[in-house]
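Grab the two chains, each in its own frame, and use the hints to assemble them into the complex.
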Amino acid sequence: MNDWSSYQLQDFIPFSVDIYLRLLERLNENFWPLQILTLALGIAALWLVARHHSRWLCLLLALIWAFVGYGFFIQHYAELNWAGGNIGYFFFTQSFLLLLVAFSGASVDKSIVKQHVLTNLSVVIGWAIGLAGLIALPLLSVMIGHTWTQAEIFGIHADPTAITSLGFVLILFSGWRLWLLALIPALWLLISALTWTVLGTSWSLVLFSVLATVLLGLLCKSVGGWMVKQDQFI
Amino acid sequence: MNNRFTRRQGLKLLGVGLAASMLPSWSLLAASNQNRLYKRYSSSDKTLPVIGLGTWRTFNVGSDPQLMNARAEVVKAFFELGGGMIDSSPMYGSAPDVMGHALNKLGTPDTLFSAEKVWSPAGGSAHQQVAELKSRWQLDYFDLVQVHNLTDWQEHLAALMKMKAEGRIGYVGITTSHGRRHQDFEQIMASEAIDFVQLSYSINQRAVENRLLPLAQEKGIAVIANRPFEGGRLIQDLKRRNTALPEWAEAECGCTSWAEFLLKFIVSHPAVTCAIPATTRVEHLRENMRAGLSPMPSASTREKMVRYIESL
Ligand SMILES: NC(=O)c1ccc[n+]([C@@H]2O[C@H](COP(=O)([O-])OP(=O)(O)OC[C@H]3O[C@@H](n4cnc5c(N)ncnc54)[C@H](OP(=O)(O)O)[C@@H]3O)[C@@H](O)[C@H]2O)c1
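In the order they appear, the protein sequences are chains A and B. Sequence positions in the first sequence follow the working numbering and run 196 to 429. Sequence positions in the second sequence follow the working numbering and run 51 to 362.
Don't read these hints as lab results, they were simulated from the structure. C-beta: ideal position from N, C-alpha, C; glycine also. Some hints could be false.
Footprint (simulated), chain A over chain B, 3 or more residues, beta carbon under 8 Å [claimed, not checked]:
1) 104-113
2) 287-293
So the derived label-pair ranges between C-beta atoms look like this [to be verified]:
3) A:Ser-299 - B:Gln-286: 48 to 54 Å
4) A:Leu-334 - B:Glu-353: 52 to 58 Å
5) A:Ile-231 - B:Ala-257: 53 to 59 Å
6) A:Ser-404 - B:Asn-119: 48 to 54 Å
7) B:Glu-123 - A:Ser-404: 17 to 23 Å
8) A:Leu-400 - B:Ala-257: 50 to 56 Å
9) B:Glu-353 - A:Trp-343: 51 to 57 Å
10) A:Met-422 - B:Pro-115: 56 to 62 Å
11) A:Ser-404 - B:Lys-212: 49 to 55 Å
Under the rule of at most 25 Å between Cα atoms (straight-line distance), these lysine to any residue pairs were calculated in the SDA-like manner [as the list claims (entries may be wrong)]:
12) B:Lys-289 - B:Met-239
13) B:Lys-289 - A:Thr-392
14) B:Lys-184 - A:Ala-273
Excised from the complex, chain B in its bound form (with noise of 0.2 Å):
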């Protein structure tokens, strides 16, 4: 496969993850040229860029070449601007086969941290439909598989375990979105050995707050916040309103726009490791990615940030 990523972003990821061994985990991380923004992730030295890619409704366009092609040029924008982690699920329609084609004809860079979930209703145990979502990505690995909205997690935890074991996937993870099941989620998080946990976090929802950002943290949880616009509806609103940034977030954060805004506020917090906005457009897709460059705005700006909203 031709591919005009992997040299450069790998030798890049090994330098940070050399850098980042020596820091406390989830510090912040500066990296590369660009001040772009590794978290670690896991007890390993391991990192991935703080703005991922989410695929729910963007990615899936059916077999229609015309949406096809013009996704893989979302996917190829990302890779240019060092993305790391693509999350989809078989929930998510044609999401995994759009991922495949555009994998395909861009190459699969090393950077890629492709995140996958297991969901009941999709029929099929966790093996058979982890062995299919691989054929549809066109991969041969996963590096994280989740149970997606706690669906079946019992067995289906079970088994994703087990294939971690046996170095089939890298990561095993769970998922919950628009504040579902945290009590259960919670105790899951507590009593089992997972890597990831995913759930939805935003500048406006912020419940995770209290009790599973504090609980990942203590336990070496990685964290991916969903949801970071609410579905979109959050930063839609503030732009056909032409709400006005704050003066101060140019200075205090580098922000010159709400996309920086409102993932900065998010990826900042010591617990989240990275957030994955969907987009279906290039041109948000580089907003969003400029949030993952430094710098990052620091505790108290954090609580101004959720003020200014608050005052809208």
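Okay, chain A solo, but in the shape it has when bound (with noise of 0.2 Å):
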């Protein structure tokens, strides 16, 4: 009989939190000089946002996902935690629905969801999640006591690429892609967030606030379109 009510949460995270910061600095040495390439295409990325090329940001993302799937969680996490290399395979399945709305005609409805003012709180949600994703919690980690060494990069670690992705999804879908990117990466985030907490860490706190502001830029975007269509109705 497995009774897994009896366990905890502690109970499936196997290492201390010295572990872990060692094995985000391993990735940083492993990749070396990766990092500038994946730094690149985050710039890369928010250019596209920008430009509202949807597609093509898909397809960018889509990438990045598949790489840290297999880097970050296959190569290094799994080592560590028997869980990882089914996380990775989470991280494909994100790379693969990234694919899917990138090839199923995915844009933005522009006509809708540019007009009503939750919307327009969601998207600066979104651009303000995205910017820390890649660059301000990078920072913020080395300012609370992680050494440069550590500092989590987007496209290598797990937590800058899924903060990042999630910021960047709220700014340019709306509806059912929304929440079906937004899904994987809040997910993991959660995970991570969790973790953190069991490591006993105030970096945890960050990761939830990010997941705190992260939901409400979606409920901002979900209500607001759904505002904008009530009113075309009457």
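Quick look at the structure:
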């Protein structure tokens, strides 16, 4: 008999904070100087978002998610956590979903989503989250005590990849595409925040705040879109 | 394999074993010139040092050579100080591989008492899991294999009993922790012919004293105490707050550190065979290993120890 209810969160985090920080550092060591390329791709993604090139953005993010799924989870994280490989497959799934949206003719429905104040707010949140994932959070992590070599980088580490992607999809998408593309990154962010909680560091608070802001953004976007639709019927 | 522990430790254990056979089981036995304490397990004359080594979280370092070598240093110090039992699990990520790396580097001393587990989410039958774990530890025999947290225990226990009968593993056990599923645990202890149980026992968490420890004593089942420092929180709090040891601790049970105080409390329970604190640091290991030296607290000192901790 398996009694899963008897397990606690800490049973699934079989490493200590030092070991996890060393894992982040080893990724930086092992992939250097790929960080320069992934950051450049992050900046390219910013440009694609600004120009509303949603298809190209999806293609670029699909590449990044597949790489992180393999490089971060299957190659490194799975050594520490038996569940790590499975999370890698979720990252591959996200990559597939991004391809699906890219080829499903997805584009921003400007006529609807740009009008409502809530929609505009969600776009502002999207920009803030996207920039936070790409630039601000890696810097903040160093300010609160991680070393430069432990800084998490978009396209190499899972957290900034998930955060930046969430910001970008929040800006560009609405409706089912938005929720479809936000689900796996948000779930990973939750797992990561819980992991940092078990590891006993305040970094979890930062991630929970980001997650709450993302959820607010998702709601604003959906409610804003719904309200505009209602207005059209009146 | 080069091995400088083998001969000396083997002779020592032999002597200890002979002496132990003349003593009632569960009695404390002072052995070696350092007064290292051993306890008898199973109905035979075999003994184990009362302080072992856990590997949860601490030994799961992936394939990072820097950290793997640092953990090998911990294992080296453990054996130099007469350590015996090392406990791991397929649930502990790379810990079995890291142990394999350490044993390969240091040699496998005869004093090693290797304790592994089978666990359902790890995938594969008990037979497959044990085979895989042996290759990860780079050993061809485990002294003990336990059913981790009772997952699929009927199936796993039957397979382990068979492996024991075939001489492919030494002993069979079950584990629990954090006070989980004590009723099921008790039933299995009462009905199955197991050799070891592993459970959480610390100076603050003493629920097992009511039923499980007396039952183990009655049935002659060896007891491994896990989470002796409650995952580290207990000892780290005491150290961080600079809490003073009681004045009588050194005179009554030779405790000069909190590690000794907390561990001696556990291993001086007559039903407990050994405790398995985990650590990443050689200096902590040295502190913990000192808890395996006599003198041990008497029953009345043990009560005083509890009262002191409760008063803090
Ligand atoms: N269900 C099961 O089968 C089960 C469940 C739980 C545990 N276990 C076994 O039992 C073992 C022990 O339990 P545990 O690892 O959970 O907890 P534990 O041994 O109570 O505590 C380990 C923690 O204590 C710290 N520590 C050790 N010695 C110290 C010292 N002298 N001074 C200060 N801090 C010290 C270590 O940190 P440092 O690295 O800084 O020393 C480590 O973080 C496990 O490793 C595992 O093998 C089995």
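We went through each hint and held it up to the structure:
| no. | hint | result |
| --- | --- | --- |
| 1 | 104-113 | holds (count 7) |
| 2 | 287-293 | violated (count 0) |
| 3 | A:Ser-299 - B:Gln-286: 48 to 54 Å | holds, 53 Å |
| 4 | A:Leu-334 - B:Glu-353: 52 to 58 Å | holds, 55 Å |
| 5 | A:Ile-231 - B:Ala-257: 53 to 59 Å | holds, 56 Å |
| 6 | A:Ser-404 - B:Asn-119: 48 to 54 Å | violated, 38 Å |
| 7 | B:Glu-123 - A:Ser-404: 17 to 23 Å | violated, 40 Å |
| 8 | A:Leu-400 - B:Ala-257: 50 to 56 Å | violated, 33 Å |
| 9 | B:Glu-353 - A:Trp-343: 51 to 57 Å | holds, 53 Å |
| 10 | A:Met-422 - B:Pro-115: 56 to 62 Å | holds, 58 Å |
| 11 | A:Ser-404 - B:Lys-212: 49 to 55 Å | holds, 54 Å |
| 12 | B:Lys-289 - B:Met-239 | violated, 37 Å |
| 13 | B:Lys-289 - A:Thr-392 | holds, 22 Å |
| 14 | B:Lys-184 - A:Ala-273 | holds, 20 Å |
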